[in-house]
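**Q** Here is how the chains run, residue by residue.
Number of protein chains: 2
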Amino acid sequence: MSSLAGSAATPADVHAIEEIMRRGGPALRERMARAEAHLERVTAQAGVPLASHATATVVAGGKRLRPLLVMVAAEAAGPVDDREREQALIRAAVAVELVHSATLVHDDLIDGASLRRGRPTVAAVAGRATAVATGDLLFSCAFAELARNGDAEQLQALSDASSALARGELLQREDAYAADIAVERYLERCRLKTAALFEASCRLGALVAAGGDLELAGSLGEFAGQIGLAFQLLDDVLDVSGPAQRTGKARGTDLLDGTVTLPLILARAHDERIAQVDLASLHSPDSAERLCELIAATGTLEQARARALSIVAEAKESLPAALGEGRHELLALVADAVVERYC
Amino acid sequence: MSSLAGSAATPADVHAIEEIMRRGGPALRERMARAEAHLERVTAQAGVPLASHATATVVAGGKRLRPLLVMVAAEAAGPVDDREREQALIRAAVAVELVHSATLVHDDLIDGASLRRGRPTVAAVAGRATAVATGDLLFSCAFAELARNGDAEQLQALSDASSALARGELLQREDAYAADIAVERYLERCRLKTAALFEASCRLGALVAAGGDLELAGSLGEFAGQIGLAFQLLDDVLDVSGPAQRTGKARGTDLLDGTVTLPLILARAHDERIAQVDLASLHSPDSAERLCELIAATGTLEQARARALSIVAEAKESLPAALGEGRHELLALVADAVVERYC
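Protein chains in written order, with this note's numbering: chain A, 1 to 343; chain B, 1001 to 1343.
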């Protein structure tokens, strides 16, 4: 679908992000670099030697998609034209990435994962207790950092998202291995687990830049929420479609953990054999892979992918016209970056 | 030491708190009741069925010492004389208790505890994943609740405390089973794990009541931090002194978990046999009990207790005279409540 797509060695989404950085100009690049440095400083200064686990996890990287959303939304919402506002923007970007990192540390603990971003997870290196406390510390640092902006509206946005993440995790636990999950309930879980923090990222950027234009912050937040929802849908397609050499994990890893995702939900309605599979009976990567094959054969991967694409298209169309041409374009590019990885 | 002391069946601290409620008058009692109801509402409304674990943990009670500190500090700092300020106060009280509850859920997970406040812990009932997410949800709800007050200074106080709690937990993990812990390092851990949230409770109360008198908030916060430090010291004495029928847990439970506390640190300097005990070699409640006997025989329990009492006395003396007689008295009573349980 795009010249950026399909590169297995370097994920296409990283290329797309580089494209955004290029088009965003020197100001965006410099801000992202400052956010990166600040992120490292905040976690390193957290105050105890064992915070090195927190530092390692955060500094090991990731795409920094959420900080980028903060920056791009701020640019779209209005000028970030003084030093104070720029510092506030960097703090907001750091705060969303800290919340995201906290979630990763706790998710890895829950999933028993041993690797993350190519490094051993905190849970694997330092055990359960340290992983719990490290995640808590990252959450707390996120709020401490954002509190320095002195704007309760921003803190409300972040705490809403952080509550949503935890509720999404609880919902996922509750629905694990379930034989009958409605599409709407699955979408609600995606909104909680993924879309909420995307939404908060854009809301925060808009709040910082426009100095509290709630309407614009709301519109940009809604846009980002849709993008986040599509991101999760496509991630769930990828779990079933593979290939493993592209995703870096075996096909059906989520299914093996009991997570009921859209491809499975749709496939259950198409194929009685799939409907009768009890996820709790999957005990090996091989059996998960066979289920993935069955699902792929129903054509529901294409349905799920199409659904994600249409959500993204709608999100792009719903962007407020008042933003102006160049800003519109940059946000649309972010939406494309989310999609391109998967197509 | 007091007529409230020594009642084994009903903990003396609960009696002392009732005394504070009596002297605090109907306004204090009504506010505490409203905080209790609001706490239940917030956790129940968290949004997913599994939040029932969060609800059960929080609603099962506890002494509500931290919400009480919020209320008493507010009363001391100035009038809480309109409906809006009163609602803000209740939100602050709920927020600190939510952070405390989050910590308990995560601590129980880390310690593998099966009972808390006489009920099965979230980890025991619903497993590790749900316990991690429930704690995260409680943390998030705390910040969401406090953000509704619209005061970034308050959020800074809570996030500082919440960071401190996590750093204290990390420090405890790092120092577990250590042969040589300095007193100052132990005190630092107590400040992080316990004193910081006591301090935040008083700061929050003062900030709400006085509408942002930072100096007074600081003084009351410092007072509460000292009380919290003494609270932790006395708790650590109790772990060694028992008796089990009073504390509800076997003597030396902390030592068995590898936690090096003040009585052990002091006793190591008194008795070479104790200095040579490797906590990692304690494998049974009996061996922990024997170590407790050795420690008790050195007289260092009295030293540790005396240190806590002198911290409380200093804290009471350092209360700003400007508070006025009645308010001074109520805060001093809170300080006594912390001490009386243990004497």
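Calculated directly from the structure, the hints in this document are not laboratory data. For clarity, every value in this text was computed on a predicted model and none was experimentally measured. Glycine included, each C-beta is placed from N, C-alpha and C at the ideal position. It is possible that some hints are incorrect.
As the list claims (entries may be wrong) - One side only, chain B facing chain A, incomplete, derived with CB under 8 Å: (1) Ile1110; (2) Ser1114; (3) Val1132.
**Q** All the hints need checking, so say for each whether the structure fits it.
**A** Hints, one by one, checked against the model:
At about 4 Å, the closest approach between the beta carbon of Ile1110(B) and any beta carbon in chain A falls short of 8 Å, and the interface hint on this residue holds. At a threshold of 8 Å, the smallest CB-CB gap from Ser1114(B) to chain A is about 16 Å, leaving the interface hint violated. Because the beta carbon of Val1132(B) sits about 5 Å from the nearest beta carbon in chain A, less than 8 Å, this interface hint is met.
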